[in-house]
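As you go down the protein sequences, you meet chains A and B in turn. Per the numbering used here, the very first residue in the first sequence carries number 1; after that it's consecutive. Per the numbering used here, the very first residue in the second sequence carries number 1; after that it's consecutive.
Quick caveat, the hints were computed from the structure, so don't treat them as lab data. Among the hints, erroneous ones may be present.
[Said to hold, decoys possible] Covered stretches of chain A (in silico footprint by chain B; criterion: 3 or more residues with CB under 8 Å from a CB of chain B, positions within the stretch not fixed):
no., region
1, 244-256
2, 269-279
[Claimed, not checked] Straight-line alpha carbon distances no greater than 16 Å define the calculated EDC-like cross-link-like pairs of lysine to aspartate or glutamate that follow:
no., chain 1, residue 1, chain 2, residue 2
3, A, Lys263, B, Asp39
4, A, Lys301, B, Glu269
5, A, Lys187, B, Glu269
[What the hints assert, rightly or not] Computed from the model, here is a short list of chain B residues facing chain A with C-beta under 10 Å:
no., residue
6, Glu68
7, Asp80
8, Gly220
9, Val238
10, Glu252
11, Thr259
On a predicted model such as this, the values are computed, not experimentally measured, just so you know. Backbone N, C-alpha and C fix where the C-beta goes; we use that ideal spot for every residue, glycine too.
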Amino acid sequence: MPNMQNEKTPMPLQEGLVRITNFEEVALGYTEEQMINEADRCLHCVNHPCTAGCPVSVMIPDFIQALKQGKIDEAYGIITRTNSFPTICGRVCPQENQCEKNCVRGIRGEAVAIGRLERYVADHHTPVYPEKPQPNGMKVAIVGSGPAGLACAADLAKEGFAVTIYEALHEAGGVLRYGIPEFRLPKRIVDEQLDQLKHLGVAIETNVIIGKTLTMQELEDEGFQAVFIGSGAGLPKFMGIPGETAAGVFSANEVLTRVNLMKAYREDHLTPYYQSNHTIVVGGGNVAMDAARCARRLGKKVTIVYRRSLAEMPARKEEVEHAMDEDITFMTLHNPVEIYKDEKGFVKGVKLEKMELGEPDERGRRSPVPTGEMIDLVCDCVIMALGTSSNPLLVRSEPRLQTNARGCLVVNEEQETTMKNVYAGGDAVSGAATVILALGAGKKAAASIIKALTPNKA
Amino acid sequence: MVEILEARVLNPQITLLKLKAERIAKKVQPGQFVILHQDEKAERIPLTIADSDPQEGTITVIVQAAGESTKRLCALKTGDSIRDVVGPLGQATDFGEAQNICVIGGGVGCAIAYPSAKACHQRGAHVDLIAGFKNESLVILKEEMTAIADEFTLISDDGSTGKQGFVTDALKEKLEQGKKYDLVIAIGPIIMMKMVCKVTEAAGIKTLVSLNPIMIDGTGMCGGCRVTVGGKVKFACVDGPDFDGHQVDFDELMQRNRTYMEDHRCHLEEAK
Chain A
1 MPNMQNEKTP MPLQEGLVRI TNFEEVALGY TEEQMINEAD RCLHCVNHPC
51 TAGCPVSVMI PDFIQALKQG KIDEAYGIIT RTNSFPTICG RVCPQENQCE
101 KNCVRGIRGE AVAIGRLERY VADHHTPVYP EKPQPNGMKV AIVGSGPAGL
151 ACAADLAKEG FAVTIYEALH EAGGVLRYGI PEFRLPKRIV DEQLDQLKHL
201 GVAIETNVII GKTLTMQELE DEGFQAVFIG SGAGLPKFMG IPGETAAGVF
251 SANEVLTRVN LMKAYREDHL TPYYQSNHTI VVGGGNVAMD AARCARRLGK
301 KVTIVYRRSL AEMPARKEEV EHAMDEDITF MTLHNPVEIY KDEKGFVKGV
351 KLEKMELGEP DERGRRSPVP TGEMIDLVCD CVIMALGTSS NPLLVRSEPR
401 LQTNARGCLV VNEEQETTMK NVYAGGDAVS GAATVILALG AGKKAAASII
451 KALTPNKA
Chain B
1 MVEILEARVL NPQITLLKLK AERIAKKVQP GQFVILHQDE KAERIPLTIA
51 DSDPQEGTIT VIVQAAGEST KRLCALKTGD SIRDVVGPLG QATDFGEAQN
101 ICVIGGGVGC AIAYPSAKAC HQRGAHVDLI AGFKNESLVI LKEEMTAIAD
151 EFTLISDDGS TGKQGFVTDA LKEKLEQGKK YDLVIAIGPI IMMKMVCKVT
201 EAAGIKTLVS LNPIMIDGTG MCGGCRVTVG GKVKFACVDG PDFDGHQVDF
251 DELMQRNRTY MEDHRCHLEE AK
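Next up, chain A with everything else stripped away, as it sits in the complex (with noise of 0.2 Å):
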């Protein structure tokens, strides 16, 4: 029989106000007893809809009935089938919005916390390097090592393809590495990912820049006879308020940089990080709770202000949560419209209108109205967390690259670009979005690579 619990068995956490003084994990992950509670949870449908919210598809039921039967390793092997990461993916999925939104346990209750249980397996089963495969003579060359780029690295390499990864910064994994902080997504399991694709003969190059270091040409005159480019979306958006130069005001991503590429957290790092008493974000993504609860930790008070209401705010709900229990304040229906400086040129304030919610935009989403109504607030330091859009340094470098009015890159259903041979996937096809996202994207664009290389073998 079935547990028929209607709530997901609770994750064990650090308690809030001890998390804010550390940088370790939030969430604990299940003890065996908690898993198999949950595990137990799971009613086996027929027709399995939790698979077909994923977007790669992993087969959810089956994994669960494996960890039941105790078998980890079982399961791990069925996730990994469809999903190389589900250490990261465990962690960072928003499981809401996809496999748990189908799963019929959330009729009257709440969905089977997929997502907890994928990660008990990524992190309890036996370690196991994949065998490198036989090499089938091709190479392929990816850009940026980020989820995109790291899942179309593995299928790839899983195929024979020689695969080659370039990284501008000194470190690979992407937002994985500079965006997502430690206590969400400890940095060892960005490591141990990596370690799996140095061992299916995976060559990672950091340090160069395609574009600027190399180009697309230097590249296709290497040999590469396909390349895979998902260099993510990195430009920072800003509001065009007064002040936002001032010093003090930070795009989310200088801070989380700062902080998690850099480790500027840690004493022994020489990265500085800016010392504030009162922070404002401004955002309601999860980019904004990660730079939110990084300033938490690393300075005193800190307020989110958002333009619309909580029931809008893009964020994982288990992220605002989190949020709270670190005793952030919540600030939304507000809107800066200035920012105060001193006579120095730092921050001293902002200024805030206050909204009100209009009719849905295309999305289904209330809009924020202005009122017209002004309030001060005191702060030392701002964070814009608004956004990003995609880096225009390739393109401007490769005028047969094609891009849309966003300036994101145009590909076809087979996720190949206007270059032929190249294909793109992930933030820099879609706009900012999720790591799973591009997960399936960049397996996607693996699986059109493969065909169009080796057409005989499909």
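Fit chain B to the given chain A structure using the hints.
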């Protein structure tokens, strides 16, 4: 790891590093920069490329010890290595069609003023070079600059070498003597570039400046390097580092460069 083929102390604060970096050496154009990351714990330090040799696959940077990371770079010796070097970053200097150029360097800025002047010279332009230093002990690249300039003027704040005064004094003197320039390139402390621009704006001479704001990645990702140019916000790493000096908000840049130097925390009780 990138090997240091030569580390040469130019003065007590400034060290020249010649690095093996074949791909960068092949691509670099005047005005572009690299980012150095000495080891895992160091900061990423942007430095304009002072010289390059595509045949031997080398680039040269000149570092002034300012903070801890640059002090450690300056202490490196020939044969040591640097964990990461990435580039070339930014846009190349656009010299346009200028035929009469005055290049002005201040302090470590001469490390870049010199190759700029050299590039102008190689394009066949008439190049005057004004180099300013605090005092004699801090002078760098004197012979090199003398060799390529049509007219070389050395200035020091205290008069211990060359003429006593500021680079703006030397520039004004040349203009008063009837020198005609169609381009001025100023590279040095922000305050120096600002003062040079005041002089050239009054004289109606186009002026390029090379900015060195705070940045991390150098590819447009962090936005730390934003500068206001002609009322618009630009990212120095991808849109620059060279800009029309008459359009740059130097005061704001000076303030932003002090971001990590002073404590500006508000009172918690006020932050309701």
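Okay, the hints, checked on the actual structure:
1. 244-256: Holds: 9 residues of the region 244-256 of chain A have a Cβ under 8 Å from chain B.
2. 269-279: holds (count 9)
3. A/Lys263 to B/Asp39: holds, 13 Å
4. A/Lys301 to B/Glu269: holds, 10 Å
5. A/Lys187 to B/Glu269: violated, 36 Å
6. Glu68: holds, 5 Å
7. Asp80: violated, 18 Å
8. Gly220: holds, 5 Å
9. Val238: holds, 6 Å
10. Glu252: Hint on B/Glu252: holds, closest Cβ of chain A at ~6 Å, below 10 Å.
11. Thr259: holds, 4 Å
Comparing the model with each earlier hint shows violations of hints 5, 7; every other hint is respected.
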